[in-house]
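Same order as they appear, the protein sequences are chains A and B. Quick note on our numbering: the first sequence kicks off at 1 and runs consecutively. Quick note on our numbering: the second sequence kicks off at 1001 and runs consecutively.
Fair warning: there could be bad hints in the mix.
DSSO-like, lysine-lysine: derived pairs with alpha carbons at most 27 Å apart [stated by the list, open to error]: (1) B:K1508 to A:K190; (2) B:K1480 to A:K190; (3) A:K147 to B:K1358.
So the derived list for chain A, only partly shown, Cβ under 10 Å to chain B, looks like this [said to hold, decoys possible]: (4) L253; (5) L257; (6) H353; (7) T393; (8) A503.
Simulated from the structure, these hints should not be mistaken for lab results. C-beta: ideal position from N, C-alpha, C; glycine also.
There are 2 protein chains.
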Amino acid sequence: MKEKLFDLKKDNAKRIYIKGSLPGVEVGMKEIELQNGEWIVLYDTSGVYAEEGYEPDIEKGLPKLRERWTKERIERDGGVKTQLWYAKNGIVTPEMEYVAIRESQGITDEAERITPETVRKEIAEGRAILPGNRNHPEAEPMIIGRKFLVKINANIGNSALGSGIAEEVEKALWAVKWGADTVMDLSTGKDIHQTREAILRNTPVPVGTVPIYQALEKVNGVVEDLSWESFRETLLEQCEQGVDYFTIHAGILREHLPHALGRVTGIVSRGGSILAKWMEHHHKENFLYTHFEEICEIIRQYDAAFSLGDGLRPGSLADANDAAQFGELKTLGELARIARKHDVQVIIEGPGHVPMNKIRENMDLQLQYCDEAPFYTLGPLVADIGAGYDHITSAIGGAMIAWYGTAMLCYVTTKEHLALPNRDDVREGVVTYKLAAHAADVAKGHPGAARRDLAMSRARYDFRWRDQFNLSLDSERARKFHLEMIRNSDADYCGMCGPHFCAMRITKSIKKQD
Amino acid sequence: MKEKLFDLKKDNAKRIYIKGSLPGVEVGMKEIELQNGEWIVLYDTSGVYAEEGYEPDIEKGLPKLRERWTKERIERDGGVKTQLWYAKNGIVTPEMEYVAIRESQGITDEAERITPETVRKEIAEGRAILPGNRNHPEAEPMIIGRKFLVKINANIGNSALGSGIAEEVEKALWAVKWGADTVMDLSTGKDIHQTREAILRNTPVPVGTVPIYQALEKVNGVVEDLSWESFRETLLEQCEQGVDYFTIHAGILREHLPHALGRVTGIVSRGGSILAKWMEHHHKENFLYTHFEEICEIIRQYDAAFSLGDGLRPGSLADANDAAQFGELKTLGELARIARKHDVQVIIEGPGHVPMNKIRENMDLQLQYCDEAPFYTLGPLVADIGAGYDHITSAIGGAMIAWYGTAMLCYVTTKEHLALPNRDDVREGVVTYKLAAHAADVAKGHPGAARRDLAMSRARYDFRWRDQFNLSLDSERARKFHLEMIRNSDADYCGMCGPHFCAMRITKSIKKQD
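Taking the hints into account, I'd like the entire structure generated from these sequences.
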């Protein structure tokens, strides 16, 4: 860390902590002091990195924030119980209180605040999850569900063609700095175990993986050699390390394949294609499906969560909402019910490439088939021809589906379909998705969401430029663009229109004379 | 022009012409030859610049494509008649046949082709406009209406703080290269007349302006000194030069001001604020409203068109869909009816900043109040906190409102709210908006729109990388991103997943063994 990645002072902000009633509940937030003497408190994903004076040590890793809660519970309750178990049994955990406080940022009306009881209820009924592997105590508690703020995930990870451990850790921190609520390590290249270890020990948000990738790497990339036993071993290895949620492609079945293989773009999920090939070769059902209850039992022991993978998501507009996709979605719903029976939390992954007019159906059927389990979508991309701009193609669909009820969006970067994203692509992708998620929060009427927009708009009308920068999702870029042109943070106009053609300046001159 | 801006060969494409039945109708298109021996013909905005061997000469300007039609008509019909007059009288002009052919690109089913009669009918009923000042014969005919492809406009123009004539012409050509269907010259700085002249003579698409800007510049920026007479003179000057459509803020009235001045961000339209100030100072009604029929008569003489400006568009989510905005919209509807009575074509401008859940109401009321006149919106931006990313904030709203029925989108660049866009910002903004417009065309079910996506998806599944680049909205960026990582256009994988984890490659290996 040569440069100081997390510097809230630049935004005239600091990290504050709000105490809860349960022991050790102290929720970190970002408090921005405005030029007009007001202040605003924002949800913040950067964890202890944002504390003044905190010196990151990548070798040592982050402080183990949740360790105390987890250990106490295991001792008291005679073993691991999941957040879902506690919720079902009417118990509010410290994590639940933590997220209730966190989600209430920006809510001024006391009656509208998210209560710990609301959190507990949403988890108990399977409409939200609070992912947190007991071996990843570095992560701050967060919740994914459609009653709460829309979350975003940033995929990182190397491929056989590039990137190293330091670069991937840097991408993870970069993602968290710009607001990623979770990070998925999708490494398929070298040093998969070590890369993940470095990411887990240094990331203050939940981390997800797709364990079939490493399982395949262990059999030298020969799909036919995959087996339940080797997969199980990989899953245990990753559970032990502390992975918070796992993409498991247990819903793709032999019966779905004829539908999928006739498509314009076939199977575009890596996990889906691997399992399809394994099934066709062995003439057997997907081993993740046939061993699903065993997987539940493993995951339950760590209080990790499922992200049931959509191996048959459409990779083109032409394949959207087809029999393969919705057939698998129905199976995912069955699996979600089984997981919950085992007290394991579940979210469901969704598409993909879908034209705007077919997005709503995805959301409606997902809620119906999966008993309202949280939906976690990749975009969807609303066109196929946006290569180089697919962060935007997908942010359009992402904002819409999040408004309709999707709980978490998986970002897509400018490099999608083309290459591995670098650090700058991660930033662009994360900020784009924060924007899409925020737009959905506002449209859904989340009680605190529009407060930041209001503060921003007031700052605009007052020409408080520093506040405008600091309230922007990417304060550094906003500051840079403005100052490149007019080199003055106190001007009552901007470089776009200049002083004589500033509409707000002219409007104010009217009000003065009245 | 040191660099060759328009080089279709890079995309394995060429400019072709499709002949119509009326004299001189030859519609330029871009034909891409694909690696599999197929070809695809696309709508192309770059005009004669894209012809092989064409040598641009900025001093001389473009060939006067439409001059013959215009002159012949004036002689034959004893004066200028507008496209709306011809349409109302059942006459199909060469321009109408031209746009019918142009709009039918990509449509394979003969029964679904857009006919010249459909074009005539849509214009006659005011649901579409075919803007083309008789003194801008350089522009290729194009149509704006919700039965047709969604169009996009790129704003260019200097401000008092920067840019020169050569730079603005370059931005215009750059906009057209990336697909802008119209260009608006919003210059408010130096050399307004000369900048516009250079743009008009060298731009193959319709050009719009906001004449109040130059009128204000002529009275040295003193709003109080504006008058109907000086505005009229400016309008005539711009009509003579060949401006194709004019933003006229005739709908902002004294009765709307109390609503507007109490808003969070007041009036954010430059034209709107100027007229509000003028009205308040003189205690008189907006002179553009009181002289509206005279404006119609001037514009009619050139067959230019109205873009009725929304001086009271909301500049923040908090102000969206308020009494000021919808009050003005109603007045714009009245004015549209008056303009049509004078045989002048009209489009209506729309917001602005609007949360996703309030977008639909904008479209519905616009159709209702304005008798289905084409809607032309700026975004809308679905959040206020995206500074530096407002091309995206607004593309989300833009795609949605275009799907709902908006006929043309005005792009917003990354520099919105901060600074004047440069050439690269124009490119990013135009491509982003082409994407939003295209997504809407697909969602609306335009018969030819999804054909390009299908060709792209097939190219993806076949690993025809050159075709993927050439079919992308920004072929240069797609090519660059891919080749930076793997330096090979013939690989059957990409740098994102690498060879062993390419889902499509694995899927194909399944199909082969079957």
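For each hint, the structure was consulted:
1. Of the supplied pair hints, the one linking B:K1508 and A:K190 holds, its CA atoms being roughly 25 Å apart against a limit of 27 Å.
2. Proposed proximity of B:K1480 and A:K190 is supported: the alpha carbons are some 25 Å apart, at most 27 Å.
3. For the hint linking A:K147 to B:K1358, the alpha-carbon distance of about 20 Å falls within 27 Å, and the restraint holds.
4. Residue-level restraint check for A:L253 is violated (minimum Cβ-Cβ distance to chain B is 15 Å; threshold 10 Å).
5. At a threshold of 10 Å, the smallest CB-CB gap from A:L257 to chain B is about 8 Å, leaving the interface hint in force.
6. Given hint, A:H353 at the interface with chain B, holds; its Cβ is 8 Å from that chain's nearest Cβ, closer than 10 Å.
7. Using the Cβ-Cβ criterion of 10 Å, the hint placing A:T393 at the interface with chain B is satisfied: the shortest such distance is roughly 6 Å.
8. A cut of 10 Å between beta carbons decides the hint on A:A503: the least distance to chain B is about 4 Å, and the hint holds.
Of the numbered hints listed earlier, the single one contradicted by the structure is hint 4.
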